[in-house]
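**Student:** In case you want the letters, here they are:
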Amino acid sequence: MREPALRIDGLGVAYRMAGGEVPALRDVSLTLAAGETLGVIGESGSGKSTLAFAIARHLPDNARVAGGVIAVAGQPVGALDARALRALRIHDVRLVYQNAASTLTPTMRVGDQVLEALRLSADATAGRSEVLALFRRVRLADPAAIYGRFPHQISGGERQRILIAMAIAARPKLLILDEPTSALDPDTAGAILDLVGELTAELGAAALVISHDLETVAGRAGRLLILRGGEVVETGATGRILERPAHAYTRLLLDSRPERLAAHRPALPAGAATLLAVRGLTVRYRRPGWRTWLGLGGPGAPVLDGVDLDIAAGATTAIVGPSGSGKSTLARALAGLVPFAGAIGFDGRDFRAPRALDGTYRRAVQIVFQNPDTSLNPRLRVAEILGRPLRLAGRAHDAAAVAALLEAVRLPPDLAGRHPHQLSGGQRQRIAIARALATRPRLIICDEITSALDVSTQAAVMRLLMDLQARDGTAFLFISHDPDLVRAVAHRTFRMTGGRLAPVAP
Amino acid sequence: MSLAHLLRRLVALAVILLCVSALVFAITQILPGNAAVMILVQNATADELRALEVQLGLDRPAWVQYGRWIGGVLAGDAGISMTSSRPVLDVVLPALGRSLILAGITLAVMATGAVLLGVAAAVRRGRLADFVISALVYPGVCVPEFVVGTLLVVLLARPELGWFPAGGYAPLSQGLLGFARSIALPALTLTIILTSRISRQVRSEMIDVLKSDYVRTATLKGLPRRAVLFRHALPNAMLPTLTILALDIGYLIGGTVVVEEVFAYPGLGRLLIFSMQSRDLPVIQAGVLAMAVVYVTANLVADLLHSAVDPRVRADG
Amino acid sequence: MAEGWSRLARNPAGLTGAVILSFLLLVIVAGPALAPYDPTTFHLTRRLEGPSLDFLLGTDQFGRDLLSRILTGARPAVLFGVGATALAVLGGGVAGMASGYVGGLIDEVAMRALDVVLAVPGLLFALLIVTVLGSGSANAMLAVAVSFLPGFARLARAGTLSIRERDFVAAAIARGEAHGYILRREILPNLMPPIVVEASVRVAHALMIGATLSYLGLGAQAPDSDWGLLVAEARDYLFRNGWLLACPALAIGISALGFNLLGDGLRDLLNPELDA
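Residue numbers (the working numbering), protein chains in the order written: chain A, 1 to 506; chain B, 1 to 317; chain C, 1 to 276.
Heads up, a few of these hints could be off.
So the derived label-pair ranges between C-beta atoms look like this [what the hints assert, rightly or not]:
| # | chain 1 | residue 1 | chain 2 | residue 2 | range |
| --- | --- | --- | --- | --- | --- |
| 1 | A | ALA341 | B | VAL15 | 33 to 41 Å |
| 2 | C | THR16 | A | ASP358 | 50 to 58 Å |
| 3 | B | ARG68 | C | THR16 | 53 to 61 Å |
| 4 | C | LEU56 | B | SER134 | 25 to 33 Å |
| 5 | A | LEU59 | B | ALA108 | 40 to 48 Å |
| 6 | C | MET192 | A | SER155 | 37 to 45 Å |
| 7 | B | ALA170 | C | GLY50 | 43 to 51 Å |
| 8 | C | LEU56 | B | THR45 | 57 to 65 Å |
| 9 | C | GLU108 | A | ASP185 | 31 to 39 Å |
| 10 | A | GLY324 | C | TYR181 | 31 to 39 Å |
| 11 | C | LEU270 | B | ARG226 | 30 to 38 Å |
Listing some non-contacts, in silico: residues in chain B with all C-beta distances to chain C over 12 Å [stated by the list, open to error]:
| # | residue |
| --- | --- |
| 12 | ASP90 |
| 13 | LEU172 |
| 14 | ARG231 |
No lab work stands behind these hints: they were computed from the structure. Every residue, glycine too, gets a C-beta built ideally from N, C-alpha and C.
Same shape as in the complex, but just chain A (with noise of 0.2 Å):
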């Protein structure tokens, strides 16, 4: 019987911390067949990329290896010597991971870190050309200027395709990506994914496909291994799990998918009055540098180019469009928080300039921000974080004020006394939930607000939002790059490109 490409049996990791050991894997075990694809699902936390690292025996030095097994084609890794760990390198485990702008070495050529990976296994005598075929084989688009680019010249899917070339070149027999598309958008994870799946066919390798997000990954692995907490929870084919999920945490993950969400968005109330109107909004960032404030600058291009938008009272209005696109520029003009020109109409007053936006105004509309890492004072404790706006909109501002406010975002009333560092992502973001709900909005912005969570946090939060709007009414802006959870949630949608806003067809 033929060796599979990966083995593992009983595998634990454990990292030393100052407080004793932390255990991230316990007893995993599972066994890919040579060109099979296995997805391994994880939330934050689940000792995934320990799981990457440690097949390619590259764990950080206060990791431990606990017990158990890891063969590759047969060859247990625990047991080799430093040769035959780089030969393993070279030739068999090839790795790709999260797409960061620091994967490839900045002061390198792109073309020659492949060729290097080129000559280390397959030729030593490789050259160029080599290179841009194996370029022309992950459709890079015009592979002989990309060569002699530098990292911070190309795009992060670009990225993404030099590094599945320096993992191909070797023909391994497994191939690990690691969240290989999680900073790309929608179009371009996808088209990245497919070309794994075609190259591993073609190269009849096994693909270990390491994710947090089951949609993206359920239609193209045969086999799907859930992951929490460093245990696996449940592992089979990939249909039978999708409809017949054995383990309570499998169900949540599935309920936590978007389209379950509809169910939940509350009515569109008949006939919603227009809360805020928009008019010619533009905002231009001026250029840095000693010309602006000499005023010889001549203004910047437009960011928000005359944007138009009415935001209906109590329900929900999206934004969708890809980075760049003035979607988080507008969250900030409406929160007064950069200067625009055009006019801002609520409550039948006009405003104009981000200064005359006047106490009713701001706590009436409020805004919670992508993340909650740095949209929380690290220093103060969540009693003030949640005290100070409640005491700015002249409401109580004792503990049991603090305390209703986290009732209301579901969260026990002790965690006041705590610092954001002492919290999940989760409850972060609710504490930053809560803050906006402090002075009693009529809006709230939501910017990207739960991208930086795990699939279940954000399907944890999104209904919280949706409870919130049934029962009080308030109206959300909703900024996402994720169309299906603005399928989900919003009761309007609007496309955002180059600053300028169209609406889309519901």
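Mind docking chains B and C on chain A? Use the hints.
**Tutor:** Only chains B and C this time, still in chain A's reference frame:
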């Protein structure tokens, strides 16, 4: 790096130096300059003093005096030294030359040593070698130049040993050996101090680089450790190191002042301290300005080198 | 607080620094009382002696007790370092924070002015100012403070700029907070950690510059028991009594080591990434 960019930087540099000259002039103006004149001509009568003030232009408004001074400096005439009665530039420039020799030798030795030590410590992080290097290097951060210099005199320049002179300077024209012996201890003092500072910074830069994603990519490619270190990690660690080196030239200049005093080395630092003690205004002004020129120029050179090496900066220039 | 102490205990650099500084604090408070002799009393028959039971560290060229002089010298030395740094933190911190927060033309002009001051190497600038103000400990301290000020201003400004861009400040602006609250509660607490770390390292540096200025004859004046002065006086007797050099040198080194180690320890301790 375009020519226009270079020109812009040079103009900015000239403007900054002009401002520095005004600052130095303004500060030294607060000095009781007349007192210096009085020291010079102790037995002068009030009338004679007045005549001298008019002759030196001390009765004119400050900005007129500055204009005359900076105009003179640009034309190669920075006035007359009050203590030696010689043209200031004839005193300052040779001293500057000797200081540059000392600083240059130090920089060359120190930069090499600091980079090697820093990289070695980072690569062996948490191991014995790292600990030994840190322990060797740490005292250098905590002991001022004059203490290190004096200690070196005690250890290496004892009269009975006869290895090194305790001070002074023998120009290269009088033989290589004498020159080397006279410059060895001052240079060693500065090297010890600066190597400590810089190797610690190089170590922490290198540690950051070794933790980076691209070093992981290179390692997982299966590259040999040596290639990972020298082709991928080191060039990227060198970029911030270059900036650190440039900034520490300020410390080097300050250190030169002290070390020259300790070893009676006739450089610009010793000249300045002497001038400060004797309130020789024209020499102070020209000397401080000369040091600022060296410092600012060194920073510019480091910046240009940086943009020549770093593709990210190169593209934007 | 208790958590802070237990984390300090796990941080060898910080712990060593804290131990050294506690010892130093003891010497500062009780130093003159601990000194076996008056530091200025001449024992003319016992000049330039090595350590003995009478004089634990020996005597100088006038027969003054070296131990007593070093113990009395601790207070001015440390006060010099702390004082100069505190003045620079106060002046530079406020200026940098204000400049970074206000931004615009004022910030631009302030930063160009700093560029000019920073073009003169720090020690040289301090020397220039002492020359203008005249020699003496107080003037030397002021000079060091002025030469440190631009560095702290830059640090505070850079910190303010980056904190100002964070979303929690945006949230405060969006809900209409006053500038005073934003500066005091949102920005300042986040600005303090890097400044405290830098200040700790700077105290060590100031202490060394103070000794250097005394050595050059521009700081403390004889017959003070300043450590730098002790080294300067020891120069003429280097080869007759090495203790005269070694002891004050060690005193300077250990004090500076304490503040440097504390700075290193605080750097790790105040890093919020390690909090979680």
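**Student:** Any hints from earlier that this structure breaks? Give me their numbers in increasing order, please.
**Tutor:** Failing hint: just 7.
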